[in-house]
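Asks: Here are the chains, one letter per residue:
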Amino acid sequence: DAGVIQSPRHEVTEMGQEVTLRCKPISGHDYLFWYRQTMMRGLELLIYFNNNVPIDDSGMPEDRFSAKMPNASFSTLKIQPSEPRDSAVYFCASSLTGFTGNTIYFGEGSWLTVV
Amino acid sequence: QKEVEQDPGPLSVPEGAIVSLNCTYSNSAFQYFMWYRQYSRKGPELLMYTYSSGNKEDGRFTAQVDKSSKYISLFIRDSQPSDSATYLCAIPPGAGSYQLTFGKGTKLSVIP
Chain R
11 DAGVIQSPRH EVTEMGQEVT LRCKPISGHD YLFWYRQTMM RGLELLIYFN NNVPIDDSGM
71 PEDRFSAKMP NASFSTLKIQ PSEPRDSAVY FCASSLTGFT GNTIYFGEGS WLTVV
Chain Z
2 QKEVEQDPGP LSVPEGAIVS LNCTYSNSAF QYFMWYRQYS RKGPELLMYT YSSGNKEDGR
62 FTAQVDKSSK YISLFIRDSQ PSDSATYLCA IPPGAGSYQL TFGKGTKLSV IP
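Heads up: the protein sequence lines correspond to chains R and Z, in order.
With the first letter of the first sequence counted as 1, position 47 gets the number 57 in our numbering; the numbers rise by one all the way through.
With the first letter of the second sequence counted as 1, position 30 gets the number 31 in our numbering; the numbers rise by one all the way through.
This is chain R alone, in the form it adopts within the complex (with noise of 0.2 Å):
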């Protein structure tokens, strides 16, 4: 299997800018995930889904920050407008049902720099 595929790897924007982040999970996994990672609050839970349904985004910091995910094999988060402190690595992740000791397999990430 590919792994976890995430895209764009790098994106550098201006602020105001939408910003669109994909992902493409494990086949056959049905619970995906979306995390940020900064210095300075390392790696925090924005959102997740189980069968493509959103189960808790309460980690979504603002309204600007939205996720999808249309089908199984497909999902997208977006950031509109886009500001400077949105600079961070995203990560997407999945996983199987039946988690404790089941891993969750993380993407290379997006690292994306809003100027």
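A hint or two may mislead.
Heads up, simulated DSSO-like pairs for lysine-lysine below, C-alpha to C-alpha not over 30 Å straight-line [as the list claims (entries may be wrong)]:
1) 34/R / 108/Z
2) 68/Z / 108/Z
3) 78/R / 43/Z
4) 57/Z / 108/Z
5) 43/Z / 34/R
6) 57/Z / 43/Z
7) 88/R / 43/Z
Since the hints were made in silico from the structure, they are not lab data.
Given the coordinates of chain R, work out where chain Z should sit on it, guided by the hints.
Replies: Frame of chain R; chain Z shown alone:
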């Protein structure tokens, strides 16, 4: 107090040394404990997990949980340059929960 605290390091050791990485946590109800390894510019990958107290060994790696002290440790024996990475502890609030709380990670460098 944060739920999970981890010394960010960085930690630099010579090849072959024994490494000790640690986290403390605040909620005594936590039962599952995990260690993730993250290489530079990569996503985290699960290294080990343990349930409740005690030790778990996997090759050169040993995970240890001391619930009385709310303290978890990861030991690396005979450390290798390939072990150079950031190590993050992670704790779910309960069985079946996917909402992992991660420590900020300790950056380890093993010098040849």
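Asks: Against each hint, give a clear statement of whether it holds in the structure.
Replies: Do the hints match the structure? See the list:
1. 34/R / 108/Z: Holds, because 29 Å separates the two Cα atoms, which is no more than 30 Å.
2. 68/Z / 108/Z: holds (24 Å)
3. 78/R / 43/Z: It holds: about 24 Å lies between the C-alpha atoms, which stays within 30 Å.
4. 57/Z / 108/Z: Satisfied, since the Cα-Cα distance of roughly 22 Å is no more than 30 Å.
5. 43/Z / 34/R: holds (16 Å)
6. 57/Z / 43/Z: OK: residue 57/Z and residue 43/Z at ~26 Å, within 30 Å.
7. 88/R / 43/Z: holds (21 Å)
Hint violations for this structure: none, all hints satisfied.
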